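A.B. asks: Chain residues, written in single-letter form:
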Amino acid sequence: MKRLRRGNMLFTGLLLAFILVIILTSLTYSPKARLIPLIIGGGTLVLAILALLSEFYPGLLRTLDVSLMDFAASGAAIEPGSEQPSGVKVAKRVLNMSMWLAIFFVLIYLVGFLISIGVFVLLFLKVYGKIGWVKTIAVSAITWGFIYGTFEVFIKVELFRGILFGAIVPPI
Amino acid sequence: MLEAFLEAGSVLANVGVIAYVILGCTIGLVFGALPGLGGIIAIAILLPFTYGMEPVPAMLFLAAVMGAVPFGGSISAILINTPGTAPNAATCFDGFPMARRGEASKALGISATASGLGAIFGLIVLLVFIPLVRAIVLLVGPPEFFMLVLFGLVTVSFAARGNLVKGLVAGGVGILISLIGFSGVFGILRFTYGSNYLWDGIELVSFLIGIFAISELINYSVRGGTIAEERASMGGRVLDGVKEVFRHKLTFLRSSAIGTTIGIIPGVGGAVANFLSYITAKQMSKHPETFGTGDPEGVVASEAANNAKDGGALLPTVGFGIPGSGEMAVLLGGFILHGLTPGPMLILNHLEIVFALFLGILISNILASSFGLLVSNYLGKLTLINVAYIIPVVAVLCFAGAFAIRGNIWDVVLALVSGVFGYGMTRFGFPNVCLVIGFILGFLAEQSFSQSLMISEGNYAIFFSSPISIVLFSLIILVLLLPFIRGGLARRGGNK
Numbered sequence: 011m012k013r014l015r016r017g018n019m020l021f022t023g024l025l026l027a028f029i030l031v032i033i034l035t036s037l038t039y040s041p042k043a044r045l046i047p048l049i050i051g052g053g054t055l056v057l058a059i060l061a062l063l064s065e066f067y068p069g070l071l072r073t074l075d076v077s078l079m080d081f082a083a084s085g086a087a088i089e090p091g092s093e094q095p096s097g098v099k100v101a102k103r104v105l106n107m108s109m110w111l112a113i114f115f116v117l118i119y120l121v122g123f124l125i126s127i128g129v130f131v132l133l134f135l136k137v138y139g140k141i142g143w144v145k146t147i148a149v150s151a152i153t154w155g156f157i158y159g160t161f162e163v164f165i166k167v168e169l170f171r172g173i174l175f176g177a178i179v180p181p182i
Numbered sequence: 035m036l037e038a039f040l041e042a043g044s045v046l047a048n049v050g051v052i053a054y055v056i057l058g059c060t061i062g063l064v065f066g067a068l069p070g071l072g073g074i075i076a077i078a079i080l081l082p083f084t085y086g087m088e089p090v091p092a093m094l095f096l097a098a099v100m101g102a103v104p105f106g107g108s109i110s111a112i113l114i115n116t117p118g119t120a121p122n123a124a125t126c127f128d129g130f131p132m133a134r135r136g137e138a139s140k141a142l143g144i145s146a147t148a149s150g151l152g153a154i155f156g157l158i159v160l161l162v163f164i165p166l167v168r169a170i171v172l173l174v175g176p177p178e179f180f181m182l183v184l185f186g187l188v189t190v191s192f193a194a195r196g197n198l199v200k201g202l203v204a205g206g207v208g209i210l211i212s213l214i215g216f217s218g219v220f221g222i223l224r225f226t227y228g229s230n231y232l233w234d235g236i237e238l239v240s241f242l243i244g245i246f247a248i249s250e251l252i253n254y255s256v257r258g259g260t261i262a263e264e265r266a267s268m269g270g271r272v273l274d275g276v277k278e279v280f281r282h283k284l285t286f287l288r289s290s291a292i293g294t295t296i297g298i299i300p301g302v303g304g305a306v307a308n309f310l311s312y313i314t315a316k317q318m319s320k321h322p323e324t325f326g327t328g329d330p331e332g333v334v335a336s337e338a339a340n341n342a343k344d345g346g347a348l349l350p351t352v353g354f355g356i357p358g359s360g361e362m363a364v365l366l367g368g369f370i371l372h373g374l375t376p377g378p379m380l381i382l383n384h385l386e387i388v389f390a391l392f393l394g395i396l397i398s399n400i401l402a403s404s405f406g407l408l409v410s411n412y413l414g415k416l417t418l419i420n421v422a423y424i425i426p427v428v429a430v431l432c433f434a435g436a437f438a439i440r441g442n443i444w445d446v447v448l449a450l451v452s453g454v455f456g457y458g459m460t461r462f463g464f465p466n467v468c469l470v471i472g473f474i475l476g477f478l479a480e481q482s483f484s485q486s487l488m489i490s491e492g493n494y495a496i497f498f499s500s501p502i503s504i505v506l507f508s509l510i511i512l513v514l515l516l517p518f519i520r521g522g523l524a525r526r527g528g529n530k
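These protein sequence lines are chains A and B, in that order.
Be aware that the first sequence starts at 11, since it is given in this note's numbering, and climbs by one per residue.
Be aware that the second sequence starts at 35, since it is given in this note's numbering, and climbs by one per residue.
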């Protein structure tokens, strides 16, 4: 619980930082161009500060802990998959999954979609899912075939070929 | 109007388009049956696949996906006591107890019939109201539209579960993100910080894929295992379920009316309709004690409202560009992708798109209710799949889809970053739907705000100069005050 609160404060703090950067940057624009960023940014900043303060003083925003769902069913809603482990376990799993996705991107960047799709699905199922070889190869092949067939053959979109195979990367 | 209807309908003469509708319906059933995925994620992932399509077939396809999701969701609600989507939650209360006592097929029969007929009810209401909305739209100028956007954002923040302040923060952040890039209104670059990539702003489809689909993949990995441990076996007769809906026709009609009405309120969507309808049915029942123990009337109430809301939700979406539900918010992304500007002019200039959505939802509901029943047993088995299979397949779809829109590899990074950000938003109570609605409406809000000030030569009183603006402003204040009013009433009740 304590960890979730700390994470909550950190995340709200990040949002606050983003809003502040937008507000400060908008001050460099012409009065007309900065009007909406300042109005929306200012209002959102105040609300984000309130949200952050409510982490220290939980009673502060309790009145606002409502939704139409509460009006409808006294908050008895079941959110699919809302049960989550808490604490370090969650952070590790989030980091782990983000790493997998980041590795997938790096693979795509280097060798392109067609190679990396096969490699990623195969590695993921084998290493992360600990699935048997037959199922792993079958799922990897079906996924690859589906993506190749849909994008390259059907929609006729050439998927990124990877910088090692001469693909051009647009400037960032 | 008839011309537009025929234009949308004539597309259905094409075998390829019919195949799209059937495919959309099948995908909708699968995404609906898999808890955690649902309509928003399905549409977000599928948007890139519609890129090369003409707008009308694309809308038919997306509407077919949207139309089939609720019935798919009811399958897992009935068979494994886990709602496939949040709007199926109340179906668990009576659907699963029915399945446990060996009446799963009967419960699915009720769900299929109530879903299909409920959707038809909502769509009839949509048809009736289209001429009225077209007349109202002509009265909406830039100041009224700005108020409408604000009203949409406030009600969405209120409707999303959790804290109103966090909902508003999410909406505000969404608007701020939408301001990144070249501003056509002022002719300057804003918040690009020297990046070429940000010139065109944050790419909508990649952003949606990240916020909804990739964040859910992270969520899946956090939960791990299979979605469901066990599943009730099939039993009972489907036909008995069909008869139950007609036996409870009053409940069906009332629930459909509730669903349609709730659907019309911007951003509120099916979850509220579902619960409100269930609670109302229970309160009005002669035997409320049987609700929650496997009463067929509970399933009728829940599912009729759930599907009827789509017709209602289409009204503000196509009439004013204010999404009636989360699915509609992503659908607005589809409009933009196909060169259609969401807003009041859509219903005036592109009525064929409205009818394409109408037909897509109608056909999909009929298909889902009949074909879905046949395959419901297999769809229920999907929930026993280890998430380790789902994650890489959906990740591949997300990344390839994000790239395909513009052929820009950095859009994949955008989807990835948005996914982690979206997971953080959900984890810490900031509703993603508010963020996305803010993002989609941000540009329109700024445009209408600037146009209003140009018309009035800088006089802010223009925002309060028409009855529509004043009514909308009053509604915004009322929605913001509702939590306090409710708190006051609760305290007074407590004192007594």
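A portion of the hints provided could be inaccurate.
Here's a subset of chain A near chain B, in silico, CB distances under 7 Å, partners left out [said to hold, decoys possible]:
1. Thr35
2. Gly51
3. Ile182
Hints in this document: simulated from the structure, not taken from any laboratory.
Because the structure is a prediction, the values reported are computed rather than measured.
All C-beta atoms in this analysis are idealised placements derived from N, C-alpha and C, irrespective of residue type, glycine included.
A.B. asks: Hint by hint, say whether it matches the structure.
C.D. replies: Hints versus structure:
| no. | hint | in the structure |
| --- | --- | --- |
| 1 | Thr35 | 6 Å, holds |
| 2 | Gly51 | 6 Å, holds |
| 3 | Ile182 | 5 Å, holds |
Violation of the numbered hints given earlier is absent; every hint is satisfied by the structure.
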